[in-house]
Amino acid sequence: AQKITQTQPGMFVQEKEAVTLDCTYDTSDPSYGLFWYKQPSSGEMIFLIYQGSYDQQNATEGRYSLNFQKARKSANLVISASQLGDSAMYFCAMSSEGYQKVTFGIGTKLQVIP
Amino acid sequence: AAGVIQSPRHLIKEKRETATLKCYPIPRHDTVYWYQQGPGQDPQFLISFYEKMQSDKGSIPDRFSAQQFSDYHSELNMSSLELGDSALYFCASSVTGVGGDEQYFGPGTRLTVT
Numbered sequence: 001a002q003k004i005t006q007t008q009p010g011m012f013v014q015e016k017e018a019v020t021l022d023c024t025y026d027t028s029d030p031s032y033g034l035f036w037y038k039q040p041s042s043g044e045m046i047f048l049i050y051q052g053s054y055d056q057q058n059a060t061e062g063r064y065s066l067n068f069q070k071a072r073k074s075a076n077l078v079i080s081a082s083q084l085g086d087s088a089m090y091f092c093a094m095s096s097e098g099y100q101k102v103t104f105g106i107g108t109k110l111q112v113i114p
Numbered sequence: 115a116a117g118v119i120q121s122p123r124h125l126i127k128e129k130r131e132t133a134t135l136k137c138y139p140i141p142r143h144d145t146v147y148w149y150q151q152g153p154g155q156d157p158q159f160l161i162s163f164y165e166k167m168q169s170d171k172g173s174i175p176d177r178f179s180a181q182q183f184s185d186y187h188s189e190l191n192m193s194s195l196e197l198g199d200s201a202l203y204f205c206a207s208s209v210t211g212v213g214g215d216e217q218y219f220g221p222g223t224r225l226t227v228t
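From first to last, the protein sequence lines are chains C and G.
So for the first sequence, my numbering puts the first residue at 1; every next one is plus one.
So for the second sequence, my numbering puts the first residue at 115; every next one is plus one.
Please note: incorrect hints may appear among the correct ones.
What the hints assert, rightly or not - Pair by pair, the computed Cβ-Cβ distance ranges are:
1) C:E15 <-> G:N191: 39 to 47 Å
2) C:P114 <-> G:G172: 39 to 47 Å
3) G:P175 <-> C:T7: 25 to 33 Å
4) C:I113 <-> G:S193: 43 to 51 Å
5) C:T60 <-> G:S121: 41 to 49 Å
6) C:Q69 <-> G:I119: 35 to 43 Å
7) C:P114 <-> G:T132: 43 to 51 Å
8) C:S42 <-> G:E131: 21 to 29 Å
Claimed, not checked - The following residues of chain C were derived to be distant from chain G, with all beta-carbon distances above 10 Å:
9) T27
10) D29
11) G43
12) E44
13) Y64
14) K70
15) Q100
16) T103
17) I106
18) G107
Claimed, not checked - One side only, chain G facing chain C, incomplete, derived with CB under 10 Å:
19) D170
20) L202
21) R224
Honestly, the hints are just simulated from the structure, not real lab data.
Using N, Cα and C, we set each Cβ at its ideal position, and we do this for glycine too.
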C-alpha cells in the first residue's frame, strides 16, 4: 500500500519569497512516480511537477522544483518567487509505475501574503 | 493544448435519482481514471480503464458503474444517489509508455445531492 504524508495543514509566505511544502511517502514498490498538484478555490486540479523514482536529477518546472530525497522518502515542493496566484491547496501524490491510480496526501493550504 | 473535458460541470440531483458523468480524455491518452473528492478531503480513487478495459478498482460503491467507450471517452453512472455522494468528481487521463505517466485532471463535475 502507498501512503503520502503532508504534515503542514496550512502555510503562509510573503509575496516574492520562496516556500517549501513538505511531503513524505511510503511504498514497497520498486518503481514509482511522485506528483504535485495545485487546487485553487475554483476546484480544478492542476498538474505541477513529476519525479520518477529512478530519476537522478530533481525535477524542475519553471518556479516549481521538487526536492527528491529517496533515502528519506521525501518529495518536497519548492516554489520560488511566490505570487498571489499561488494561493491554493497543494496535494502531494504518488503512483506505481505504469497506468496506476494516484494516491493523494491530505494537502497543504498555501496563502501568499502581499 | 487540449485538456481533459468533463460534463456536466455542475449537477444537482435528488436522493435516489441517477446521474451520469462524462469524461473526454486528452487525445491519444489511453487510460482514464475517476476520483471522488468530498468537501475538505483529498481525492479518492474510484476506478480506472486502460484501452477500454477496467484496469483498477478503488473504493467505488456498488451503486456506481463506469465504462470506457471505443472513442476512449468514459462515463460514470451513479444510481440511488445518497446525500454523501455530494462531491467533486474528477476524471484524469494519461498515456502509458511516455514520460512518467503523469495524470492530467479535468476540471471536475460538482455533484450536489439534495
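(message) To test your reading of the hints: which numbers does this structure violate?
(response) Hints 5, 11, 12, 15, 16, 17, 18 are the ones this structure does not satisfy, whereas the remaining hints hold.
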